[in-house]
Structures are given as C-alpha cells and as structure tokens.
Amino acid sequence: MRAVWRALGVAAVALWAAAAQAAPVAITDDRGVTVRLAAPPQRIVSLLPSLTETVCALGRCDRLVGVDRYSNHPASVRGLPTVGGGLDPQIETIVALRPDVVLAAVSARGIERLESLGLRVVALEPRTTAQARAAMLSLGGLLDAPQADRVWQAVEDGVAAAAAAQPSHAPPLRVYVEASAGGFAAGPSSFIGELMRRLGWVNVVDAALGPFPRLNPEAVVRADPDLILIAERDAAGLAQRPGWAGMRAVREGRVCTFTPAQGDILVRPGPRMAEAAALMARCAAVRGAR
Amino acid sequence: MRAGSRAAVLAVALVGLALLGAWLGVGVGSTGWAWPGAAAADAVAAQIAWDIRLPRTAVAWLAGALLGLAGAVAQGLFRNPLADPFLLGSASGAALGVALALVGAGGASMALDGWSRLGLTGAAFAGALAGVGLTLALARGVQHTLRLLLAGVIVGVVLGAARELVTLADPAVLQAMQGFMLGSTALAGWPAVAVMAAALGLSALTALGLGRVLDGLALGEATARSLGLPLGAARLALVGALALATGAAVAQTGLIAFVGLAAPHLVRAIAPARHTALVLLSALMGGALLLAADLAARALIAPQELPVGVLTALLGGGYLLWLMHRRGVLGGGS
Chain E
0 MRAVWRALGV
10 AAVALWAAAA
20 QAAPVAITDD
30 RGVTVRLAAP
40 PQRIVSLLPS
50 LTETVCALGR
60 CDRLVGVDRY
70 SNHPASVRGL
80 PTVGGGLDPQ
90 IETIVALRPD
100 VVLAAVSARG
110 IERLESLGLR
120 VVALEPRTTA
130 QARAAMLSLG
140 GLLDAPQADR
150 VWQAVEDGVA
160 AAAAAQPSHA
170 PPLRVYVEAS
180 AGGFAAGPSS
190 FIGELMRRLG
200 WVNVVDAALG
210 PFPRLNPEAV
220 VRADPDLILI
230 AERDAAGLAQ
240 RPGWAGMRAV
250 REGRVCTFTP
260 AQGDILVRPG
270 PRMAEAAALM
280 ARCAAVRGAR
Chain S
0 MRAGSRAAVL
10 AVALVGLALL
20 GAWLGVGVGS
30 TGWAWPGAAA
40 ADAVAAQIAW
50 DIRLPRTAVA
60 WLAGALLGLA
70 GAVAQGLFRN
80 PLADPFLLGS
90 ASGAALGVAL
100 ALVGAGGASM
110 ALDGWSRLGL
120 TGAAFAGALA
130 GVGLTLALAR
140 GVQHTLRLLL
150 AGVIVGVVLG
160 AARELVTLAD
170 PAVLQAMQGF
180 MLGSTALAGW
190 PAVAVMAAAL
200 GLSALTALGL
210 GRVLDGLALG
220 EATARSLGLP
230 LGAARLALVG
240 ALALATGAAV
250 AQTGLIAFVG
260 LAAPHLVRAI
270 APARHTALVL
280 LSALMGGALL
290 LAADLAARAL
300 IAPQELPVGV
310 LTALLGGGYL
320 LWLMHRRGVL
330 GGGS
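Chains as they are written, first to last, in numbering that gives the first Met the number 0: chain E, 0 to 289; chain S, 0 to 333.
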C-alpha cells in the first residue's frame, strides 16, 4: 500500500513538474502586441544585442540558437549562427533555425515577413533605464525566469555602488559624452544621460535636443565641460576640431577614451548598465579630479 | 537572320533564363545549394523553398521586368538612350513617396500587412508621377535632350534631399529608409508578388498598346504628328505606365539601379526591334538580369547575403563605363 502511495506521489510530482514546464506564457511587447506561447520558448533568436545580453543575464543563454551580427556578449554567443542585422535580417536563416520566438527591435525590418511565415516575434526596444528594466522583467516572464527581479536589483545596486564610490565633486562635474562617431552626443534623455545623472554629473548637452543630437563643435567649446568621454578612435582628432585645442578639458587632459568593447557596454541599455556606470565613475576618479 | 526571328530567339532564350533562374532560385540559399526535393518531408525546408525562396525569386524577376519595361518606355518616350527611371526623377520621387507614407504611418512602418503594401505602392506611384512631371516641367518638354537629363538630375537631387529631410525627423523612419535605399528582395513574400505582377500586367499592356506611338516618336516629333498619332494622350498614358512600373518596383524592393538603363541597351545591341517587341524584350531582359544578380547576391557570401541593389549598381555602373569607353561620347549614337 505504501508503495502505491509513493508511486502516486511520484506521479503527482512528475505531473506537477510537467505542468510547470509546459505552463503557457505571454508577453506584451513594445508594439502592444501580446504573444502567447504554450510553454516557455526553448529556441530563441535575438536580433538586438541588448536583448541577447538580457536573455543571458536571465540564465537562458543556452536557449539562444541564433543572434544578429552585432551581438558579441557574453562570449558564448559568438559561436552561434549569425542571422544578419536589424536592417537586413536573413529571413531564410532565421526560419531554418526553427525558433520558438524571435526577439527583435521594434524598428527592425522584416518583423511582418517573419510573422507571415508563422514565427512568433517579440519586439522590444529598450532605450532608457526604465525600458531596460521592463524588458528584463517581461522577458523573465516569457522565459520562466523568476529571478528576473533579483537580476535587475543587482544591476541597480551596481549602479548605486558606482555612484557612491565616486569622489564627491562640488560643484558637480560638467561632462560631455560623445556616444558615436560623427559628433553624436549623449543627451540627458538618453540612457547614457540617465547614468550621468545617477552619477551626479551635469550633462552639458541641452535636454531639448533629444537623446543623441549632433552638436555643432562650437557648442561644446562654449559649454566648456570639465570632462569629456569619447571613443578611442575619435579621440585622436580631438585637438584638431576647430577651437577644441584651447578647451580646458582638452588642454588639461581631462578626456577619457573608451575602447569599442567598452563603447558597447556604454551604449546598450541592458544588464551591463552597472558596468557602464563603473566605467564612467572610474573615468571621473582618474581624470575628473580638480 | 531577320530582325523578327532574332527577337523571337532572344525572347525564347530570356524566358528560358528566367525558368532556369527560378529553378536555381529555389535551391540557392543560406545553406548553399540544396534542391528541396530531397527534404520534401521536412516542413521547414519546404517552407523555406516555397514561401521564402520562390516568392523572392519571383519578386527579383518582376522588379527587373518592371524596371526594364520602365527603361524601354522612358528611352522611347523621351527619345533618349540615357533615359532611365533613375535619371528622370521618377525613382527619387517614388522613394520620397514611400518616405512620406512611412512618416504618415507613424513610423510603425514595419508592420506592413497586404493593404499597407498596396498603399506603399500607391504612394510610390504618386511620387514617381510627381518626379517625372517635375522633370518634364523643368525641361519644358522632351525636345531638348540635354535639358531633359539636367532637369532629371536636378529633380533627383532635390527630391533626394527632401527625402533626407523627411526621414531625419523620425529615427524609426530613418532606419526603415536606410534599409530601403539598399534595395533588396530578401523581405518580399507572396503579397508583393501579387502587387508587382498586377502592376507589370497593367503597364505592359499600356506600353504594348502604344508601341506604334513609340515607333512614331523615334522618327521625330513632327513625323509622329504627321502620321496622325494621338501624341498628347499617348504620352500621358506612357508616363503613367512608366510611373506605375517604377513605383511598384521601388515600393516592394527599394532602390535598384541601372537595370532600367541596361536592359533596353542590351536588347538593342542583340536584337534591334520595333518598340512593341523592344518593350517586351526589355522587360524579359530586366527580369533575367535582376534575377541573375539576386542569385549572385544570395550565393556570393552565403550564408550571409549582399543587398542586390548594391550589386546591380556595381555591375550596371561598370557596364555604363564600358559603354562610354566604347562609344567615346556617351549617348553619341542617338
């Protein structure tokens, strides 16, 4: 009799486990489309680096079967099949990978094409800290990763720690961050701008100009920032920009450069936000001293 | 060989090429060459063959045919061997139309169902008409070749700048247009095939019906008039066919350069014919050219692929340079 009960118990546990495995999941993406799946997806294609990183931070890296050509972190995704980019997703390759779900930016091309071929597409495009958090939590729901809250809290704690570890500046540091080549600055409404605020910095870029405005070089000279953050490859020509050689920050070497890999950390609103904050705080500690 | 039979042989050869291309097109893809018959039992392999490769192959042929037809019509209509949808402002007009439609859709351009595809084609058609109309108005008619070309270039630049302004305003549209400018068949499915086939049918019928007018125009405006041809109405209808063909191709595949210019030239070089045949052969030639280019774009760096517009611009540009070199003076033969 006891054996029977035990067998029944085992069966019940197995059933419960199976039910938990196959629990239907749903996610409402940034287009407002609700995608329902009978079970958490086992095969995922990601077309956006920040979403790739989020999936991996949630411990579901092993479910990725393909990524876009710009996804390069963590290292384990580099061996995966690449399926083009947001502008030129390779429809055929994606379909051949038989994904349960495709994660893409809202602005990615081909979403409609993929859906017409019967694939489920979740379109998320985190641009701010709040959106990065929302993306992680809703992906946590989709991927059956209840630890999403904890993972995000760790990111938040990391940012707070980076801000706390910074030497205090009074008055606050006035900073210019050039986010990408061609003179595109990080405005206050961008993800980098939010981090700057968290670190207690003042952004010299006017908020009205939008997230990544292209400034007239003369505007930066007039703003006279205490500190400049810029990509390594663009830093070489800094003194040649009209009027910049005489700028205080350039003259006194208050310029932090970041490598392409560090640039990826800085511009992707995702789980490596704490690393981005730490990078920026370290820059202020080394070059920002007055 | 008689000109007529040469044209017939060319037509048969081009149809054969198209069929060969379609057969190859179903087999060439991300996994290299693999005829899907072997894996017919596999649902995904079948889907890739029939719902991805076949429609995009058809779209490549149709886009080439539309552009070839538009080129032949434009060259006959404007009595100018350099007339091309891209040199007359119609392609840049079509692109501007698409950009405006995308902005109008609120940047939610990516979620294109069948109807908005049709709307996009309509916007491109209207833009193409406006572009050609502007060029004609600037050139004050088609009589003066140099003025017509200059006007076309100017209209192209101005409309291109207007498109830049429109797209810069909205980052989402900017990205969509960037992809659009590359010119690609990769995202086209069966709905695109239907829209383009309808446009090709309409514009081909118009052009074939008015082949006599094009022949008459080739003899000069005065001669055409003395033959009693209804020039005014016929010109309007032909500009309409030109705009429809360009608009349909541009709306579905983006900007694909030089096919419209090269196809009629190749046809004239191989089998000189009257316009009725020339228009038809140019469409077949354009289809074969773009299909071949699309296959190359897919196969060259497989499993990745090149945007076919970039490839045709390289190859077509090369052809044009060779033509210049051979003739000494561009268009001197007209």
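Just so you know, not all the hints are guaranteed correct.
[As the list claims (entries may be wrong)] Ranges of calculated distance between the beta carbons of each label pair, as one might list FRET restraints:
(1) S:Trp22 to E:Gln152: 52 to 60 angstroms
(2) E:Arg68 to S:Gly132: 35 to 43 angstroms
(3) E:Gly140 to S:Leu313: 44 to 52 angstroms
(4) E:Ala129 to S:Ala197: 57 to 65 angstroms
(5) S:Gly132 to E:Ala244: 48 to 56 angstroms
(6) E:Ala180 to S:Leu117: 33 to 41 angstroms
Just so you know, these hints were derived from the structure itself, not from any lab. Even for Gly, the Cβ is constructed at its ideal location relative to N, Cα and C.
Here is how each hint holds up against the structure:
| no. | hint | in the structure |
| --- | --- | --- |
| 1 | S:Trp22 to E:Gln152: 52 to 60 angstroms | holds (58 angstroms) |
| 2 | E:Arg68 to S:Gly132: 35 to 43 angstroms | holds (42 angstroms) |
| 3 | E:Gly140 to S:Leu313: 44 to 52 angstroms | holds (47 angstroms) |
| 4 | E:Ala129 to S:Ala197: 57 to 65 angstroms | violated (46 angstroms) |
| 5 | S:Gly132 to E:Ala244: 48 to 56 angstroms | holds (52 angstroms) |
| 6 | E:Ala180 to S:Leu117: 33 to 41 angstroms | holds (39 angstroms) |
Checked against the numbered hints above, the structure breaks only hint 4 and satisfies the rest.
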